[in-house]
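J.: For reference, the chains in residue letters:
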Amino acid sequence: MAKIHLPGSKPLKKKFKIHKKVGKAPGTITYMGNRENAISSLDVIAYKDEYAEEYSPVKIETLNEYKEGEVKWINLVGLSDEGFITSLGKLFELNSLVLEDAVHTEQRPKVDEYDNYIFGVFKMIYLDDDQNIIIEHVALVLFENLVLVFQELKDDVFNSVRQRILGKQGRIRSRGADYLYFALLDAIIDNYFVVLEHISEQIEILEEEVYRNPKPKTAQKIQELKKEVLRIRRFVAPVKELVSRLIDSENPLITKDTKLFLRDALDHCLEINESLQIYREMAMSLMEIYMSNVSNKMNEVMKVLTVMASIFIPLTFIVGIYGMNFDHMPELHWENGYYMVWGIMIVLLLLMLIYFKKKRWI
Amino acid sequence: MAKIHLPGSKPLKKKFKIHKKVGKAPGTITYMGNRENAISSLDVIAYKDEYAEEYSPVKIETLNEYKEGEVKWINLVGLSDEGFITSLGKLFELNSLVLEDAVHTEQRPKVDEYDNYIFGVFKMIYLDDDQNIIIEHVALVLFENLVLVFQELKDDVFNSVRQRILGKQGRIRSRGADYLYFALLDAIIDNYFVVLEHISEQIEILEEEVYRNPKPKTAQKIQELKKEVLRIRRFVAPVKELVSRLIDSENPLITKDTKLFLRDALDHCLEINESLQIYREMAMSLMEIYMSNVSNKMNEVMKVLTVMASIFIPLTFIVGIYGMNFDHMPELHWENGYYMVWGIMIVLLLLMLIYFKKKRWI
Amino acid sequence: MAKIHLPGSKPLKKKFKIHKKVGKAPGTITYMGNRENAISSLDVIAYKDEYAEEYSPVKIETLNEYKEGEVKWINLVGLSDEGFITSLGKLFELNSLVLEDAVHTEQRPKVDEYDNYIFGVFKMIYLDDDQNIIIEHVALVLFENLVLVFQELKDDVFNSVRQRILGKQGRIRSRGADYLYFALLDAIIDNYFVVLEHISEQIEILEEEVYRNPKPKTAQKIQELKKEVLRIRRFVAPVKELVSRLIDSENPLITKDTKLFLRDALDHCLEINESLQIYREMAMSLMEIYMSNVSNKMNEVMKVLTVMASIFIPLTFIVGIYGMNFDHMPELHWENGYYMVWGIMIVLLLLMLIYFKKKRWI
Amino acid sequence: MAKIHLPGSKPLKKKFKIHKKVGKAPGTITYMGNRENAISSLDVIAYKDEYAEEYSPVKIETLNEYKEGEVKWINLVGLSDEGFITSLGKLFELNSLVLEDAVHTEQRPKVDEYDNYIFGVFKMIYLDDDQNIIIEHVALVLFENLVLVFQELKDDVFNSVRQRILGKQGRIRSRGADYLYFALLDAIIDNYFVVLEHISEQIEILEEEVYRNPKPKTAQKIQELKKEVLRIRRFVAPVKELVSRLIDSENPLITKDTKLFLRDALDHCLEINESLQIYREMAMSLMEIYMSNVSNKMNEVMKVLTVMASIFIPLTFIVGIYGMNFDHMPELHWENGYYMVWGIMIVLLLLMLIYFKKKRWI
Amino acid sequence: MAKIHLPGSKPLKKKFKIHKKVGKAPGTITYMGNRENAISSLDVIAYKDEYAEEYSPVKIETLNEYKEGEVKWINLVGLSDEGFITSLGKLFELNSLVLEDAVHTEQRPKVDEYDNYIFGVFKMIYLDDDQNIIIEHVALVLFENLVLVFQELKDDVFNSVRQRILGKQGRIRSRGADYLYFALLDAIIDNYFVVLEHISEQIEILEEEVYRNPKPKTAQKIQELKKEVLRIRRFVAPVKELVSRLIDSENPLITKDTKLFLRDALDHCLEINESLQIYREMAMSLMEIYMSNVSNKMNEVMKVLTVMASIFIPLTFIVGIYGMNFDHMPELHWENGYYMVWGIMIVLLLLMLIYFKKKRWI
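Chains as they are written, first to last, in the numbering used here: chain U, 1 to 362; chain P, 1 to 362; chain X, 1 to 362; chain F, 1 to 362; chain B, 1 to 362.
Bound conformation, chain U alone:
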């Protein structure tokens, strides 16, 4: 699980962690997250058109029972117990590479087809209560009558699917495991929109700040935002291709009917990618505006300085002349010398003001 703080909150260290399994054999099950004490627990929802039942917690031994026509959703929360994961893997005859990726929380999104199951890694991205962006690893395995989900934390992205099954809303109860697989994926993708909306709002706030009252901090915030968009894109952009691969796949596990729905999900992925692209361009625009504002402010400062200096430096020179102590300075003894100097200075001042007015500097 990785938190992203958006502009305003202080940035987290190590934003782009990369995996550290150097030197281990491929296929080694190594948990990479920071929830190491979490106990793995299993929930199961089994349903058919006629009924839906939820069992929680479930022991691993009972997973094997299967009733004709039932679809099972097995949800594993907590990925740090390697022994548990291994025995689960054995039960479902999962390839060791699958198990490795299932618990490897830094794994980028992927879809791999095996002989009798389809394995996928995705990233749930959602906002926590403090409006932080949470990125969480989730792995989905689709079998013929079963979807196996690996999660780090129990959270509520999948709650809507759970309710639709238990409350018999929509068509989900009357369809197979592939539809459940799609429904979970769809729930993940739907949550991306919430995060996009949050970013969109941040952009508007920054836009306001850049136009009204840009501060040195503002540039930093814009760059932070750009970095967030980069980071989210990294986990979201590959999903488009993965979904499109599921659609083109000839795997019998995915029915033609579900592919119609996946096409819809693909559509959402395209929209998300477009939005991220647009956000990136908007962040760059904001930076341009920011820089042009900095320059404009400098211009304004320079104008004030130039106007003040250009007016008073010559005048100071004039009064300096008559501060000289030469024995022979006829003007000093003129009756109206003092007033004439004032006159000259006022005329000069007016000429200056007209000049600067014409140049629109004042």
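Hints may contain errors.
The list treats identical chains as one, so a pair stands whether inside a single copy or across any two.
What the hints assert, rightly or not - Only pairs whose alpha carbons sit at most 16 Å apart, straight line, appear in this in silico EDC-like list of lysine to aspartate or glutamate: (1) Lys-168 <-> Glu-53; (2) Lys-48 <-> Glu-70; (3) Lys-72 <-> Glu-54; (4) Lys-48 <-> Glu-68; (5) Lys-357 <-> Asp-115; (6) Lys-154 <-> Glu-241; (7) Lys-357 <-> Glu-300.
Quick caveat, the hints were computed from the structure, so don't treat them as lab data.
Here the structure of chain U is known, so what remains is to put chains P, X, F and B in place on it, guided by the hints.
T.: Leaving out everything else, chains P, X, F and B in the frame of chain U:
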């Protein structure tokens, strides 16, 4: 319906709204627009080579009637009445995903082929009376003898098609539903050109402003324009691929003859995309010019300051010297000391002026 | 016909006109140019290996005559007479979309293959006597023994081809209509090089200006040039793909032998596109140099100001001290006080000069 | 072997060396590195499921012995002895181009399939004890039961593989030479992550520096970092395509089972490329922030100057007035003249302060 | 032949010449270079495994003689004699388009396959004695037992190949004409590396200059370098695709064995393109550094000005006060007034210094 204000008018909030259906089952019909009270109404135009009749408003029950050889254009205005939409969907046996997208006003352009119909979502983009850019959702369903149109508002983008049918202009009456489908699409695409022309004019106005009298506000206007182009491109760019998919489609609903016309429409799409690309590059050029102008102005300000300060500060120093009160300052008692100082100062001034003239600062 | 003024001449309004046929039925013949009074006139050159004859002007009725083994080049000048165009279209059984594009002077380059002819729209780009870049619409239709050319104005881009036919230069007389089609296309493409050379010269002039004597106007000229390159690319870039489509086409109208020549033309198109790309990058480089020059100039101005102010402000302070009127200022009464002040000031001045010399500011 | 110094250490000369074999016949074995005195030495690890034995050093004559079912890993360290390499090449019937590339340390990554072996060149990239990035050439040849490795230096990137074989960890002992080939490649790729992590840390350090205390040197460090990323990408980016070519290859040397693992390695390559792309964008962001900071600092400096000058230049003018020596200056003789001047000056000062406060310059 | 002067030497006019054959029939032989007086001369090297003989100069009539099993390399130097070229073309039955391109020195690199020969145009790029980059046109025609080379100038890029043939080095004597063709191409490509190395050195020199002592001229030099890279890329980039086309070609003229070597050459082309790309990015980085240096210098200048002005302007104001001539100024008559003013001024100075120290401006 979404309004875009071009530079000059105050920007609208929430420009890049994203869809908010998180947590709902896919295929749920949810109207996303802001015209929720609008009553759905149906218009029908039925025509054949020999005649064309317009019925308005029409009840849903009568839609089913069909005369041999007739082409029907059913126009639904108002998308907020979910019950109505659902019964319409049932009548035409539309997939629930189609109905969802038909009323989902934030849906990006798409074309989906189903067994006996082709479904498409497009965006009408046109100028309202205040020269605001209006983006409106429209969904078109092509059946064998029927085109079903979903619109949010009754507007006149399709009026030209209506007139051509009723007035028997051109070839439209002698052709099938696929040609009507093309004609509606063509009307939508033609309107893009009006908006492009409007943007092109805005660019010229901004160009004038940047070259003649750039203000801090100008940079903001340029960025606003860039954002508009981004936004329009988002809805317009996909159309090119959609039209080209219709052309390559082997669906019997689209005749080879109509494909010739679609090829023409594709050509227009290419032109539109090119124009948008050029507008974007021009906006970037404008921003560059703006920035170079800001720098040039700063240069000019600095030159005035430097010339004024460089001339008068040394002179002020000279008059300061003879303002000192030392007991022994022989120059003060020279007969022509005062005039000699003036002479020195005038020579210095001239040297300075020559120097700055040579540097082209004055 | 559209003129482009290069940097130096005053910019024309409406540079990126877009087509205005909104609301008309597709296939409507609408002339878009500004030569509406021009009378359409027909020239014909008919040739065989043994002879070549030119007929001008020719009446439409006589076009139909055909002698065995002859190749005919029919040249139509003047596109505003819709009736005339329509009857010509009927005579040659041209699709209404073809006629529409043939007279639609804003049409982008395209090639469309029909059952018994190939239709192409291209842009002639050449320099007029005032070195303005002229962009002119031309449409070419290739039949089995005939090439039909639609032009707005009679101009001399095709003169070289005409002379080669009449003077029996090269291989043109011994080949078919497809070679004539290629020769005309080749003449169009060859003229692009003249325009590219002109732009290349403009870039050199601007380069000289940027390096020697950059003025605020220079940035504007660079951007104008970039815009010209954009505009020309718009009409020139698609040609590459069109020629390559002609080469790949399996249409019997184009012989394998002529394809060899088209391959050569394709080569030229690649070269043109590369050159335009390079010009664009060079224009961007010029802008960068320009901006760095503006900054360097500012630096220079600032240095003069800083040197002058840093030297004379402290000196002025010193003379100010001894201009004070305190009753008790011992230095004022020292015998050599005045000379000591001069000494201090000269030392200070020298230290300053050394400091600035070391910083390379003077 | 090429060292890269990251920002902080002084840059090495000749970073982008290019190969110098101009004028030699292709296929000439020429060592390009700087370890010319190194003696070539051979290590062999031979293993089967039941046992694993290490022989070191091994004479070239004994390489030919082969036991049924054994996999052999022949590791050659030191590439400067051309005679030795040539005889090795003869022994294994390697193409002269293979030998050339095997010792050509500037060779970019490549994979070539020959009739009975697959040849690959890769780059090991790792950190030495001083945190310098070391780029080292390695060539791998896969035969049916043999992997032949060409290395410049004996280093420990492959140690983990060696230990897994000797210690019988994981599945390596029970699989063929193709799995060994994969395991070595995987060890190389895994080390890239260590280097990426190092770069990621450098970016964070630079980010800190840019935000807190940017110095002129900082820009240079950012550009150095960008250059390092460019350089690493050059050697790492092609690996993705090479691995994907191995996966798609129909060569019987690579079993379907090993391809599953290669697919995993491909995944890592994708992640590495993405990370490098992100690092590059982050470096560009840093540069933007740096530039905006420089501008902000200039703004701050200018404000101080403008405030100081704008306040004191007018005041100096005022006191200059009453330093004039005119015979008739009534104010000089007023009882409270001096105090009135102070009053005027204090009022002026306050007005100035309010003005600057309002502009937020102080 | 076109010279490129790298930064330092004065730029040549007309860097991007484009071909001037407008109006001529395609296939016309027109020499475009500037070596018009050069006499065409023919050299021939004929070799077999057993012997190799060089004939120079050779008369055109004798070219036709052919001995069984011999490979002939005919080298034509001097392209301005059109009659000579034409008779050569007739002798070898070359297409007129081939002859046109062979002497057209502005032709971009290309490969065209004809029925019994393969024609290629490439660019030799090498350094002359003054380290200028020379770009020279070369055309290679591969027949079954013959390679025909068209060169403008006799130069030594091919000397290494000549020596390998005559000295029987490497495998060249035992292979066919296709290997000779490859060897010549390889010699051309190898020379690109020399030029790349030269550019790489120029970048390092510029890097040094930008970091140590950037001058206004430096920006210009960087842009010149960028332009050189652009120009070289133009001639070098297409070679990659051409070589890859030769590899994929099914022409029997190129044996499978030679394709192995071409694959090696392709590898070099990829490396060259990558290097050029990297050089371009490095040039852009240099420009960024340069701009940031200009800004930093301005900052430094501004700080000096601000410190000097902020310290001395207030002090000058203070001494100005006591230079006023009011009758009633009690301080003037205080015993220690003068010293108190000094005290105040010193305190003020110290405060200022502390302030600027804290801001790190001094």
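J.: Would you mind marking each hint as holding or not holding in the structure?
T.: Going down the list of hints, with the structure as the test:
1. Lys-168 <-> Glu-53: Classified as within; 11 Å inside a copy, 46 Å across copies.
2. Lys-48 <-> Glu-70: For Lys-48 and Glu-70, the Cα distance is within 16 Å only inside one copy (5 Å; across copies 46 Å).
3. Lys-72 <-> Glu-54: Within one copy only: 10 Å inside a chain, 51 Å across chains, cut-off 16 Å.
4. Lys-48 <-> Glu-68: Cα proximity of Lys-48 and Glu-68: one copy only (9 Å, versus 46 Å across).
5. Lys-357 <-> Asp-115: For Lys-357 and Asp-115, neither the intra-copy (81 Å) nor the inter-copy (72 Å) Cα distance is at most 16 Å.
6. Lys-154 <-> Glu-241: neither (27 Å within a copy, 38 Å between copies)
7. Lys-357 <-> Glu-300: both (14 Å within a copy, 15 Å between copies)
The earlier numbered hints that this structure contradicts are 5 and 6.
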